[in-house]
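K.L.:
Chain by chain, the residues:
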Amino acid sequence: MAYPQAASSSTTSGSPPTVKVILTETDLQRVVDRIAHQILEKTDGADGTVLLGIPTRGVPLARRLASRIAAFESVDVPVGVLDVTLYRDDLRLKATRAIGPTDLPPGGIDGRRVILVDDVLFSGRTVRAALDALSDLGRPSSVQLAVIVDRGHRELPIRADYVGKNIPTARAEIVKVALAEIDGLDEVKLLGEETK
Amino acid sequence: MIKHLLSAADLDAQHATLVLDTAAELANVSSREVKKLPTLRGRTVVNLFYEDSTRTRISFEAAAKRLSADVINFSAKGSSVSKGESLKDTALTLQAMGADAVVVRHPASGAPHRLASWVDGSVVNAGDGTHEHPTQALLDAYTMRSRLGRVAGLHVAIVGDVLHSRVARSNVLLLTTLGAKVTVIGPPTLIPVDVGPALSPDLRVSYDLDAVLPDVDVVMMLRVQRERMNDSFFPSTREYARRYGLDAARMRRLPEHAIVMHPGPMVRGMEITPEVADSARSTIVEQVANGVSVRMAVLYLLLGGK
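If you read the protein sequences in the order shown, they are chains A and B. Heads up: the first sequence begins at 1 in the UniProt record's numbering, then just goes up one per residue. Heads up: the second sequence begins at 1 in the UniProt record's numbering, then just goes up one per residue.
If we strip away everything but chain A, and leave its shape as in the complex, we get (with noise of 0.2 Å):
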């Protein structure tokens, strides 16, 4: 779970809850397939570059991108897992968290390109905890950052490279991203009253 959705969802009050689907499947494919190709164009032709999804839901959208990518322009891209876990600046604020497993493709990162890949950009803390775990890790030559929402409220300077969209929100609603590979659909919601 990302921790921008762990971190909104105890701030949710007494109010009946609306629904607004933001992105469709349909949607979130072409977001998808948009951003492998910006990706494609950014980075001119993918060429050294290593996709970092971050758990949970960043994990399947590394994977797709890789696929995209491998569609558009044949070019394999390595997937791998980073698990910010034990990076987190909020481990004391919580009970403590099961660790998910880091897996780094073949040949790690150093000297490569790395692109993070992760469902909703919030906060930014799970970014920050993303670069501390890289960079003892390696020696990437240069790391962006790709997410399917970006809804504001940042409490850090972090900034994503590609956007899939940008979603003006409140700090007490909450972006549930949905995906096929772990629950069975693609979709994007904002939970939470927007007119009160």
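No lab work stands behind these hints: they were computed from the structure. Possibly wrong hints are sitting among the right ones.
To be verified - Below, a list of computed lysine-lysine pairs in the BS3-like style, where the Cα atoms sit at most 30 Å apart: (1) 88(B) to 65(B); (2) 36(B) to 94(A); (3) 36(B) to 306(B); (4) 3(B) to 88(B); (5) 77(B) to 3(B); (6) 176(A) to 20(A); (7) 306(B) to 65(B); (8) 35(B) to 94(A); (9) 181(B) to 3(B); (10) 65(B) to 3(B); (11) 94(A) to 65(B); (12) 165(A) to 176(A); (13) 176(A) to 306(B); (14) 189(A) to 94(A); (15) 306(B) to 94(A); (16) 94(A) to 3(B); (17) 306(B) to 88(B); (18) 176(A) to 189(A).
Stated by the list, open to error - Covered stretches of chain A, as calculated for chain B (at least 3 residues, CB under 8 Å): (19) 80-87; (20) 94-101; (21) 127-138.
Cβ atoms here follow ideal geometry from the backbone N, Cα and C, with glycine treated the same way.
Chain A is already provided as a structure; the job is to place chain B on it using the hints.
P.N.:
Frame of chain A; chain B shown alone:
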């Protein structure tokens, strides 16, 4: 997660599996170039050792340091304990210094339980008298799982001085929790009366090593703890070695896949011959390496959250 780890019985199957899974992830850190995680930065772990130990103390120290905790080593020798300070006063001193976790080894069974009522931090039992040594049992289970793929359903023989062995007690509790079948084997003088009912209703007892060997997946040899014996429990070292020592001939009676474990320190020529200790079936060195990962997992799960 629980607050203290005093006994292997504190862990149910779910928690024990969580420790082993966490240890498996943390084991990868040991093969990285940067063998350090920032996870427990600013936390203090005190190693309080009233009894000699090399591998357990070093293992806990390495584990705490890899998680960036501050480590204070305290050994009874050269401290105020030799001037007559009690365990309680030492505990209050540690409390005043703000220890987040106390790893304690003590010659008296139950000392960690008393300590847990005096300090606010977590207490980890690193061996108390002839009672328990839960992290050893966890690392043994971890070693079995990494060598044989599972713990549930394995038949584990624990051989030797069961009477004085905290390793045996913790292992019986943890392994039966995880679904393994355990048989303790040794001379009748070194097997506690009613050990089965006391630890686990499924525990089997045997006095005949050769009869059990062909049927086991794991044989765990225990050291004969001479320092705790103020009586003679067997006629001679040679007789003990002949009946309960693991030599090459006995090792050949084991099934093809079976592994040989020893918690260390071992007495070569007594409970195990050098041939067996250095064979490919022996996991003795692996156990030490796994100890660091498992203790990292325990420290993380006790101290990592709120």
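K.L.:
Each hint needs a verdict: does it hold in this structure or not?
P.N.:
Hints, one by one, checked against the model:
1. The straight-line distance between the Cα atoms of residue 88(B) and residue 65(B) is roughly 27 Å, inside the 30 Å bound, and the hint therefore holds.
2. Between residue 36(B) and residue 94(A) the CA atoms are separated by roughly 22 Å; this keeps the pair inside 30 Å, and the hint holds.
3. Taking the CA atoms of residue 36(B) and residue 306(B), the gap is near 21 Å; set against the 30 Å cutoff, the hint holds.
4. At most 30 Å may separate the alpha-carbon atoms for a hinted pair to count; residue 3(B) and residue 88(B) meet this at roughly 20 Å.
5. Distance restraint check for residue 77(B) and residue 3(B): the Cα-Cα separation of roughly 29 Å lies within the 30 Å cut-off, and the hinted pair is therefore satisfied.
6. The straight-line distance between the Cα atoms of residue 176(A) and residue 20(A) is roughly 10 Å, inside the 30 Å bound, and the hint therefore holds.
7. A distance of roughly 20 Å separates the Cα atoms of residue 306(B) and residue 65(B); the hinted pair therefore holds under the 30 Å criterion.
8. With a CA separation close to 25 Å, the supplied pair residue 35(B) and residue 94(A) stays within the 30 Å bound.
9. Between residue 181(B) and residue 3(B) the CA atoms are separated by roughly 28 Å; this keeps the pair inside 30 Å, and the hint holds.
10. Annotation: proposed proximity of residue 65(B) to residue 3(B) holds, straight-line Cα distance about 20 Å (limit 30 Å).
11. Distance restraint check for residue 94(A) and residue 65(B): the Cα-Cα separation of roughly 23 Å lies within the 30 Å cut-off, and the hinted pair is therefore satisfied.
12. For the proposed pair residue 165(A) and residue 176(A), the alpha carbon gap of about 13 Å is at most 30 Å, so the pair holds.
13. With a CA separation close to 26 Å, the supplied pair residue 176(A) and residue 306(B) stays within the 30 Å bound.
14. Between the alpha carbons of residue 189(A) and residue 94(A) the distance comes to roughly 26 Å, so the proposed pair stays at or under 30 Å and holds.
15. A distance of roughly 5 Å separates the Cα atoms of residue 306(B) and residue 94(A); the hinted pair therefore holds under the 30 Å criterion.
16. Distance restraint check for residue 94(A) and residue 3(B): the Cα-Cα separation of roughly 14 Å lies within the 30 Å cut-off, and the hinted pair is therefore satisfied.
17. As the CA atoms of residue 306(B) and residue 88(B) are separated by approximately 26 Å, the hinted pair is consistent with the 30 Å bound.
18. Between residue 176(A) and residue 189(A), the direct Cα distance comes to roughly 5 Å. Compliance with the 30 Å bound is thereby established for this hinted pair.
19. Coverage of the segment 80-87 of chain A by chain B holds. Counting CB-CB distances below 8 Å, 3 residues qualify, and the rule asks for three or more.
20. For a cut-off of 8 Å, the count of residues in the segment 94-101 of chain A with a CB near a CB of chain B stands at 8, and the three-residue condition holds.
21. Counting residues of the segment 127-138 of chain A whose beta-carbon sits less than 8 Å from any beta-carbon of chain B gives 4, enough to reach three: the coverage restraint holds.
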